[in-house]
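**Q** Make a model of the complete structure from these sequences and hints.
Residue numbers (the working numbering), protein chains in the order written: chain A, 1 to 296; chain B, 1 to 424; chain C, 1 to 376.
These aren't lab readings, by the way, just hints derived from the structure by calculation.
Keep in mind that this is a model prediction, so the values were computed, not measured.
Built from N, CA and C at the ideal position, the CB exists for glycine as well.
Among the hints, a few may not be true.
Unchecked claim - Label pairs and their in silico Cβ distance ranges: (1) B:Y58 to A:V29: 25 to 33 Å; (2) A:L187 to C:V181: 30 to 38 Å; (3) A:P21 to B:H218: 53 to 61 Å; (4) C:V181 to A:R288: 45 to 53 Å; (5) C:G61 to A:E103: 17 to 25 Å; (6) A:L187 to C:G213: 53 to 61 Å; (7) A:P33 to B:N57: 31 to 39 Å; (8) B:P297 to A:M130: 34 to 42 Å.
Stated by the list, open to error - Pairs of lysine to any residue, SDA-like flavour, derived with a Cα cap of 20 Å: (9) B:K400 to A:L71; (10) A:K215 to C:R335; (11) B:K181 to B:K91; (12) A:K63 to B:D420; (13) B:K64 to A:P33; (14) A:K215 to C:R134; (15) A:K63 to A:Y52; (16) A:K215 to A:L285; (17) B:K91 to A:V261; (18) C:K29 to C:R207.
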Amino acid sequence: MTAATPMEMRDRRFGWMLTAPGLALLAAVVLFPILWAGTTSFFDYTLIMPGYDNFAGFGNYAKAAGDGEFLHAAWITVLFVLAVVSIQFAIGLLVALMLNDTERGKGVYYLILLCPLLINPVVVGLMWRMILHPTLGIVNWLLSTVGIEPVNWLGAPDMAFWTVVLVDIWHQVSFMVVLLLAGLSSLPAEPYEAARVDGASALQRFWHITLPMMKPVIAITLLIRMIFAIKTYDIIYIMTRGGPGTATDLISYFIYRRAFVSLDLGEACAMAAMLLIVIAGMTALLWRTMRTAQDD
Amino acid sequence: MKRILLASLSGLALAAAAQAEEVNILMEAVPDTTYIQQLLPEFEEETGIKVNLEVVNYAEMHTKLVPQLVARSGSYSAIVVDFYWVGEFYKAGWMQPLDDRIEADGFDTSVYVPAMMDLVGQVEGTTYMLPFYNYAMGLLYRTDLLEDEANKAAYLEATGSELKAPETWDEYLRQVAFFTKDGQYGVVNQGLRPDPIAMEWSNYLFASGGSFMDEGWHATFNSPEGVAALETYIKNLNDYGPVGAASFSFDEAFNVFSQGQAYSYITYNFFRAAVDDPSSSAVVGKAEIMGVPGQTPEEGGSLNGAWGWAIPKSSPNPDAAWKFLQWVESPEIAKKRALLGGSPTRLDVFDDEEVIAKYPQTVALKELLLGSHNFPTFTYTPQFVEVLGRELSLAVAGEKTAQEALDTAAAEFDEMAAKDGRQK
Amino acid sequence: MASIELNSVSRIYGSGASAVHAVKGIDLKIEDGEFMIFLGPSGCGKSTTLRMIAGLEPVSGGDLLIDGARVNDVDPAERDLAIVFQNYALYPHMTVRANMAFGLKLRGLPRSEIDTRIADVARVLSVEPLLNRRPAQLSGGQRQRVALGRALVREPRAFLLDEPLSNLDAKLRSVMRTELVKLHRKLGTTMVHVTHDQVEAMTMGTRICIMRGGEIVQVGRPQEVYRNPADTFVAGFLATPPMNLFPGRLEARGDSLVLVAEGAEIPVPAATAPGWGGHAGREVIIGLRPEHLAEAPEGPAPAALQLSVETVEALGPETILNLRLGRNGPEIAARLPADGDWEAGQPVTLHADTARLHLFDPATTRSIPRGAAHAL
Numbered sequence: 001m002t003a004a005t006p007m008e009m010r011d012r013r014f015g016w017m018l019t020a021p022g023l024a025l026l027a028a029v030v031l032f033p034i035l036w037a038g039t040t041s042f043f044d045y046t047l048i049m050p051g052y053d054n055f056a057g058f059g060n061y062a063k064a065a066g067d068g069e070f071l072h073a074a075w076i077t078v079l080f081v082l083a084v085v086s087i088q089f090a091i092g093l094l095v096a097l098m099l100n101d102t103e104r105g106k107g108v109y110y111l112i113l114l115c116p117l118l119i120n121p122v123v124v125g126l127m128w129r130m131i132l133h134p135t136l137g138i139v140n141w142l143l144s145t146v147g148i149e150p151v152n153w154l155g156a157p158d159m160a161f162w163t164v165v166l167v168d169i170w171h172q173v174s175f176m177v178v179l180l181l182a183g184l185s186s187l188p189a190e191p192y193e194a195a196r197v198d199g200a201s202a203l204q205r206f207w208h209i210t211l212p213m214m215k216p217v218i219a220i221t222l223l224i225r226m227i228f229a230i231k232t233y234d235i236i237y238i239m240t241r242g243g244p245g246t247a248t249d250l251i252s253y254f255i256y257r258r259a260f261v262s263l264d265l266g267e268a269c270a271m272a273a274m275l276l277i278v279i280a281g282m283t284a285l286l287w288r289t290m291r292t293a294q295d296d
Numbered sequence: 001m002k003r004i005l006l007a008s009l010s011g012l013a014l015a016a017a018a019q020a021e022e023v024n025i026l027m028e029a030v031p032d033t034t035y036i037q038q039l040l041p042e043f044e045e046e047t048g049i050k051v052n053l054e055v056v057n058y059a060e061m062h063t064k065l066v067p068q069l070v071a072r073s074g075s076y077s078a079i080v081v082d083f084y085w086v087g088e089f090y091k092a093g094w095m096q097p098l099d100d101r102i103e104a105d106g107f108d109t110s111v112y113v114p115a116m117m118d119l120v121g122q123v124e125g126t127t128y129m130l131p132f133y134n135y136a137m138g139l140l141y142r143t144d145l146l147e148d149e150a151n152k153a154a155y156l157e158a159t160g161s162e163l164k165a166p167e168t169w170d171e172y173l174r175q176v177a178f179f180t181k182d183g184q185y186g187v188v189n190q191g192l193r194p195d196p197i198a199m200e201w202s203n204y205l206f207a208s209g210g211s212f213m214d215e216g217w218h219a220t221f222n223s224p225e226g227v228a229a230l231e232t233y234i235k236n237l238n239d240y241g242p243v244g245a246a247s248f249s250f251d252e253a254f255n256v257f258s259q260g261q262a263y264s265y266i267t268y269n270f271f272r273a274a275v276d277d278p279s280s281s282a283v284v285g286k287a288e289i290m291g292v293p294g295q296t297p298e299e300g301g302s303l304n305g306a307w308g309w310a311i312p313k314s315s316p317n318p319d320a321a322w323k324f325l326q327w328v329e330s331p332e333i334a335k336k337r338a339l340l341g342g343s344p345t346r347l348d349v350f351d352d353e354e355v356i357a358k359y360p361q362t363v364a365l366k367e368l369l370l371g372s373h374n375f376p377t378f379t380y381t382p383q384f385v386e387v388l389g390r391e392l393s394l395a396v397a398g399e400k401t402a403q404e405a406l407d408t409a410a411a412e413f414d415e416m417a418a419k420d421g422r423q424k
Numbered sequence: 001m002a003s004i005e006l007n008s009v010s011r012i013y014g015s016g017a018s019a020v021h022a023v024k025g026i027d028l029k030i031e032d033g034e035f036m037i038f039l040g041p042s043g044c045g046k047s048t049t050l051r052m053i054a055g056l057e058p059v060s061g062g063d064l065l066i067d068g069a070r071v072n073d074v075d076p077a078e079r080d081l082a083i084v085f086q087n088y089a090l091y092p093h094m095t096v097r098a099n100m101a102f103g104l105k106l107r108g109l110p111r112s113e114i115d116t117r118i119a120d121v122a123r124v125l126s127v128e129p130l131l132n133r134r135p136a137q138l139s140g141g142q143r144q145r146v147a148l149g150r151a152l153v154r155e156p157r158a159f160l161l162d163e164p165l166s167n168l169d170a171k172l173r174s175v176m177r178t179e180l181v182k183l184h185r186k187l188g189t190t191m192v193h194v195t196h197d198q199v200e201a202m203t204m205g206t207r208i209c210i211m212r213g214g215e216i217v218q219v220g221r222p223q224e225v226y227r228n229p230a231d232t233f234v235a236g237f238l239a240t241p242p243m244n245l246f247p248g249r250l251e252a253r254g255d256s257l258v259l260v261a262e263g264a265e266i267p268v269p270a271a272t273a274p275g276w277g278g279h280a281g282r283e284v285i286i287g288l289r290p291e292h293l294a295e296a297p298e299g300p301a302p303a304a305l306q307l308s309v310e311t312v313e314a315l316g317p318e319t320i321l322n323l324r325l326g327r328n329g330p331e332i333a334a335r336l337p338a339d340g341d342w343e344a345g346q347p348v349t350l351h352a353d354t355a356r357l358h359l360f361d362p363a364t365t366r367s368i369p370r371g372a373a374h375a376l
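**A** Dropping the structure here:
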């Protein structure tokens with residue numbers, strides 16, 4: 001490397017000057033809260049007695065790890081994320097594939113599909129609570145017209161879990177569709193023609209051409225959706241409050257309550273930190289699998 | 001030193017406020033808030049102080065309040081405090097004592113229903129709040145069904161007794177079973193966790209002769225009475241109520257009742273007014289409210305509940321806030337609020353002839369309030385509601401027995417009470 | 001090994017008034033083992049025709065036959081043809097080896113057979129060191145070879161090449177031209193090659209099929225098409241610079257014919273063109289290739305033309321002169337040896353080889369044949 005000329009130095013300094021406000025803002029907005037939460041997680045910090053007087057070490061972490069309710073919420077969250085992301089991915093990919101082949105009226109389909117995504121999750125929750133009301137809701141009424149007994153959508157533990165899953169799918173599936181469709185429509189057409197001449201059936205083209213070429217898009221989509229799913233909070237708050245029993249007690253709602261109902265910020269921060277570590281680990285893992293899978 | 005600093009700070013804030021003379025209050029979107037909104041012009045004309053009510057949903061209130069209360073100088077001049085935040089706010093020292101102001105201005109607090117003052121007035125002998133409105137729970141029941149001759153005959157045949165408004169808890173439960181027929185439910189419950197189920201079940205606990213704790217703050221609600229109350233609750237919800245009640249919040253449960261699908265519903269007394277609102281009710285004039293009946297006709301089983309006015313330590317202009325509190329809780333305005341449909345906390349309003357003439361149920365509501373029981377209020381009330389709601393919901397979902405669920409909740413209650421230094 | 005036959009094959013996009021006729025009912029028979037070139041400007045329908053043969057475009061009308069069997073509705077996979085695309089269309093996520101193996105795997109060939117074929121083809125195309133790389137790690141020329149290799153390993157009945165050389169630089173293009181010709185000679189498989197480059201057309205194919213506006217203008221061996229362009233379009237399309245075309249009049253003067261154009265009179269001995277006699281007295285388009293102008297008289301019936309030099313393009317081995325015929329005549333090009341020394345504005349006398357003159361009917365643009373006596 002040769003020494004920088006005065007002009008290069010000026011350029012570099014100017015570059016720093018331009019980026020400094022942005023970096024500072026980023027540090028203030030992103031880094032500071034994370035560091036604050038990280039620090040708080042090591043203290044006996046409650047909103048009633050705010051202060052860093054009692055250092056707790058890993059006490060908050062140990063307490064959280066030994067809290068059966070917390071572990072249960074974590075487990076429910078794992079199930080929820082798996083169910084939501086996998087079903088949304090399957091539906092999303094199917095719809096995206098169909099839309100990708102559509103030539104006319106794509107804009108209209110887009111608009112219709114995007115509608116749920118544009119609705120505030122609180123409204124989504126309220127809307128579905130009304131629609132699924134066991135005695136006054138339209139769904140059970142429709143079912144009754146064909147002789148099906150009223151379904152206890154939110155009142156029975158197993159059913160409530162799947163109801164929340166379904167509502168989340170309804171709400172968020174278009175996110176998958178939009179991202180996957182963007183990926184599909186940016187794929188080059190030539191490999192498909194080559195594959196057709198090479199003798200690949202539609203299914204074989206999907207398996208050997210579409211899926212591998214979509215891998216990076218799929219990885220990003222799954223990752224973003226997974227992180228969003230882990231953070232699911234509004235729908236639970238509106239629709240079930242984690243009930244019946246603890247059937248839908250997702251971890252974000254759990255941590256929220258620990259912070260704002262129990263006012264135990266120290267422990268809530270410890271839980272959030274554990275969640276952050278898990279998410280970061282999952283991100284790294286998924287990233288690596290996707291990259292190695294591509295090298296087959 | 002710190003105090004001087006605080007004082008000078010609030011002095012500064014006061015000086016700033018003196019120019020603007022504005023009072024900011026965070027309030028919940030409920031009928032009693034709208035009545036105040038209607039009366040506010042009177043206050044503004046009288047004092048020249050502008051009052052800004054920030055009206056939000058209950059769910060947002062606590063989260064919005066806490067940061068302002070923790071701050072040295074918050075944005076709220078006065079606040080409203082739900083009874084189950086009282087312990088927490090007191091412990092954190094977020095409210096200003098009002099006794100000096102009460103004494104100086106000769107404000108009469110003896111007119112309040114004593115249970116109200118206990119709940120949202122005084123803590124440990126110091127007055128921090130003025131009771132705002134009560135939301136004690138009562139039993140909404142269908143008078144038209146009770147008066148129906150066919151029902152009367154059938155009930156007499158089935159039970160050997162006369163069909164009338166229930167005087168005891170057992171009589172009520174027999175009616176619940178009796179009215180569950182022909183696509184109609186005997187009762188609709190609000191089984192959503194945490195507060196709807198916890199609050200509703202508290203009535204069952206009191207009505208069954210149980211209590212939350214003894215004098216020394218040791219849990220007693222896992223007693224045989226408590227277990228019986230929970231088993232009754234589960235039976236009502238599963239056998240005599242609509243499908244899905246385990247996930248109902250109060251609005252959904254009220255819908256079922258107001259559509260005429262259920263005989264009874266234990267709920268907040270402010271729903272009594274909504275029963276007679278033709279835009280939201282199909283049972284106008286066909287339902288009445290009463291205290292939840294207890295073990296004997298003399299005992300009540302209702303759960304008390306109320307909101308209180310307070311001035312936070314972080315208030316930027318406590319003097320203006322106090323002016324507002326004095327006005328809003330004055331006999332004239334309290335009466336005007338009641339006439340608009342508000343839920344009183346003052347005995348003089350309960351006994352006011354004009355109010356009774358307009359709302360005959362006021363008499364029953366006073367009875368209800370006098371016979372009601374308080375929920376344990378301490379630092380960890382919200383957390384306890386959370387735990388109780390969770391355990392009750394687990395029992396309703398059939399994942400725990402009533403005894404197991406209550407034992408777990410009781411153990412956690414004892415732990416919290418001990419941590420709060422309450423247990424003796 | 002396959003022959004390919006097109007009987008009034010057409011391709012229509014859309015329908016009704018907005019329908020676009022991309023290919024308008026063409027007839028062509030490509031013999032087994034032929035190297036057929038589809039030549040034409042872009043939009044002439046040559047690629048569409050190729051894609052119809054491949055099965056990537058449906059046939060709107062007519063019959064497409066491979067080895068005598070109608071394949072209009074046969075899936076591309078079943079046609080057993082291989083195609084090399086302009087952009088190579090390699091599978092970006094597969095290694096070179098996997099790219100080549102893909103079609104064979106789908107056809108269920110045994111692993112050992114696949115390996116042998118890939119090894120053979122890789123050797124022929126010298127891509128052995130690239131087998132484990134991905135397309136993104138290859139240069140344009142390497143990708144081209146891999147695309148070709150992917151077609152070769154298939155051992156198909158025919159190869160379809162859709163402008164495969166157009167993305168290569170000039171040097172590589174000429175190398176690949178030769179290699180493709182050699183390959184064809186070695187394999188003897190039918191090849192159909194689409195191009196807009198007349199050099200490729202002239203040098204590679206056994207026959208050229210020139211297309212324009214969805215129709216076939218002329219089909220023939222390269223030299224045949226070069227010598228006897230069917231119309232002014234073909235005349236103006238093949239070779240660079242193309243044939244000079246300018247308006248004139250054919251007049252009979254005794255037993256001689258004279259072409260009268262602005263700035264020149266060109267006598268043509270009637271005996272060399274008996275077919276033209278009947279056209280005496282008519283307006284014609286005169287066609288004269290730049291290479292048939294020389295400083296010294298050439299051929300049996302040269303004619304001197306008085307020209308002035310407009311611009312000089314010295315290309316090294318030869319020089320292209322752009323000249324003005326007479327004082328105000330048409331501008332024409334001449335291809336001359338490089339040893340001359342010309343300057344712009346300089347008057348010059350060049351001799352046209354009238355035995356190689358072409359005449360075209362201005363109304364139809366078709367060639368007016370010289371007639372049977374034309375023998376050179």
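**Q** Each hint should be assessed against the structure and marked as holding or not.
**A** Structure-based check of all given hints:
1. A C-beta distance of roughly 30 Å is found between Y58 (chain B) and V29 (chain A), which places it inside the suggested range of 25 to 33 Å.
2. The beta-carbon spacing between L187 (chain A) and V181 (chain C), approximately 35 Å, falls within the hinted interval of 30 to 38 Å.
3. Taking 53 to 61 Å as the suggested C-beta distance range, the pair P21 (chain A) and H218 (chain B) conforms, at roughly 59 Å.
4. About 48 Å separates the C-beta atoms of V181 (chain C) and R288 (chain A), a value consistent with the hinted range of 45 to 53 Å.
5. The hint said 17 to 25 Å for the Cβ distance between G61 (chain C) and E103 (chain A), and at roughly 23 Å that hint holds.
6. A C-beta distance of roughly 33 Å is found between L187 (chain A) and G213 (chain C), which places it outside the suggested range of 53 to 61 Å.
7. P33 (chain A) and N57 (chain B) have their C-beta atoms about 25 Å apart, which leaves the hinted 31 to 39 Å range violated.
8. A C-beta distance of roughly 40 Å is found between P297 (chain B) and M130 (chain A), which places it inside the suggested range of 34 to 42 Å.
9. For the given pair, K400 (chain B) sits about 18 Å from L71 (chain A) by alpha-carbon distance, which is consistent with the 20 Å threshold.
10. Between K215 (chain A) and R335 (chain C) the CA atoms are separated by roughly 57 Å; this puts the pair beyond 20 Å, and the hint is violated.
11. About 50 Å separates the Cα atoms of K181 (chain B) and K91 (chain B), which puts this hinted pair outside 20 Å; it is violated.
12. About 19 Å separates the Cα atoms of K63 (chain A) and D420 (chain B), which keeps this hinted pair within 20 Å; it holds.
13. With a C-alpha separation of about 19 Å, the suggested pair K64 (chain B) and P33 (chain A) falls inside the 20 Å cut-off, and the hint holds.
14. Distance hint between K215 (chain A) and R134 (chain C) is fulfilled; the C-alpha atoms sit about 16 Å from each other, no more than 20 Å.
15. Proximity of K63 (chain A) to Y52 (chain A) is assessed by CA-CA distance (about 18 Å); at most 20 Å being required, the pair is judged to hold.
16. A threshold of 20 Å between alpha carbons decides the hint, and for K215 (chain A) with L285 (chain A) the separation of about 15 Å falls inside it, so the pair holds.
17. A distance of roughly 15 Å separates the Cα atoms of K91 (chain B) and V261 (chain A); the hinted pair therefore holds under the 20 Å criterion.
18. Using a Cα cut-off of 20 Å, the hinted pair K29 (chain C) and R207 (chain C) holds, with the two alpha carbons roughly 11 Å apart.
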